[in-house]
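From just these sequences and the hints, can you work out the full model?
Going down the list, the protein sequences come from chains U and Z.
Going by the numbering used here, the first sequence runs without a break in its numbering and finishes at 250.
Going by the numbering used here, the second sequence runs without a break in its numbering and finishes at 250.
Among the hints, a few may not be true.
When chains are identical, the list treats them as one kind, so a pair holds in a single copy or across two.
[Stated by the list, open to error] List time: in silico DMTMM-like cross-link candidates among lysine to aspartate or glutamate, alpha-carbon distance up to 20 Å:
1) 171 to 141
2) 90 to 59
3) 90 to 57
4) 174 to 222
The hints are simulated quantities; they were obtained by calculation from the structure and are not laboratory data.
What follows is the residue order along each chain.
2 protein chains.
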Amino acid sequence: MLTLYSFGPAANSLKPLLALYEKGLPFTPRFVDPRKFEHHEEWFKKINPRGQVPALDHDGHIITESTVICEYLEDAFPDAPRLRPTDPIKIAEMRVWTKWVDEYFCWCVSTIGWERMIGPMARALSDAEFEEQVKRIPVPEQQVKWRNARKGFPKELLDEEMRKVRVSVDKLEKRLAESEWLAGDDYTLADICNFAIANGMQHGFAEIVNREASPHLLAWIERINQRPAVREMFARSQSEMPARAPAPAA
Amino acid sequence: MLTLYSFGPAANSLKPLLALYEKGLPFTPRFVDPRKFEHHEEWFKKINPRGQVPALDHDGHIITESTVICEYLEDAFPDAPRLRPTDPIKIAEMRVWTKWVDEYFCWCVSTIGWERMIGPMARALSDAEFEEQVKRIPVPEQQVKWRNARKGFPKELLDEEMRKVRVSVDKLEKRLAESEWLAGDDYTLADICNFAIANGMQHGFAEIVNREASPHLLAWIERINQRPAVREMFARSQSEMPARAPAPAA
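Below you can see the structure in the form of structure tokens.
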């Protein structure tokens, strides 16, 4: 039995969520509500002591880290539709792209996202409420990030992150101008993991992701949004997301 | 035919180098001399446009990124001794460790290493010589890192990186107190990729990696150093490293 704990179909949570839909694997989605800080609650920290989503429960075994969960699904369900090439050279190409999104692309987009969304959320809390929440965050670096988001990130940092967002968009645009999918001819985890971060940038970063500046990137985002698995993921999540994840027995 | 371009048996270069020795795969080692900035020379940028080692040439196909090269060797040479478990759950455990070293552990150790070694190297150059070298670095972030190293990193940053080094050492020590190898019962790429960064810390970070503070980590470092493949790697590299990599035909 598969249960996926996630924030729903966006950012890192989208990666294993979409992989599950693409592979057609039956699973129980468990929405963890970031607005209620559910990922820092004790019941969830029993599942992932780092207090981070997504996390996959497969027959009681917990797999963490969004990209690793995607790879795990490839290894554990070899008969489901493949999202990883078979040729070792193509696998390596795919891996360079999934590694890049985890080490570069996701961080710069994330900082801007935190400034826009987490900052106001943190400032809506009183000092005491905020400290109460921060105390429950198990990863020290995440505590620091929450404090910085509440204060507002320094302009210098935001400018540097925006520069990296532009570098990332250029890199994706250049690649997608020469190839239909990131790792070559086939739709793979390289596309899913980068789509997780890029989807929505046509709205949130419309000044750099648009028909004129990055036509191939935009076409790729639209192409992925047309896939049956993606449509199913968004449609189902719409109806399932409001459901609160019940606390599992300890 | 396999050719590995590397800085020799340390840091990220050590990962695929040791994997090749452990797997018993015949290959041609090509030492790229960092003191001569060979990785930023045109001939090498034709191999890896990012100007970074290690890079593997397998029958003319170039594979980059140290961890990806290690995974590639597992995929491309399934009959050689395995360094990746077969159980999907164990593979995921291994991957969380190889991901962690790439995203956290290697960076904090690297900044301290740059402060100690690259800083003095950069300051030994005249302003003009330094600018000449920086101009040839293809990755903008690397240019910034060289400039910062030459100036000397701010104390605040070095303190923060040293805090992360301590967090890393504690994490490794805790894990190795309960398990012989990082991903469980078997020696895997989790050990190789972390050893690449941890080996030498018993000298360079002796105040935190020693018999009293981190006995299990130290024992693990010593245990790996006793492996025949590791001894062969260090012995051979000693004799081969001074050889300069010849520029391949363009």
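Outcome of the hint check:
1. When the C-alpha separation of residue 171 and residue 141 is checked against a cutoff of 20 Å, the pair qualifies only between copies, where the shortest distance is 15 Å, while the shortest distance within a copy is 28 Å.
2. Taking the closest pair of Cα atoms, residue 90 and residue 59 come within 20 Å of each other only across two copies (15 Å); inside a single copy the shortest separation is 31 Å, beyond that limit.
3. With identical chains, the CA atoms of residue 90 and residue 57 are at most 20 Å apart between copies only, with a shortest distance of 14 Å across copies and 29 Å within one.
4. When the C-alpha separation of residue 174 and residue 222 is checked against a cutoff of 20 Å, the pair qualifies only within one copy, where the shortest distance is 17 Å, while the shortest distance between copies is 46 Å.
The structure meets every hint from the earlier list without exception.
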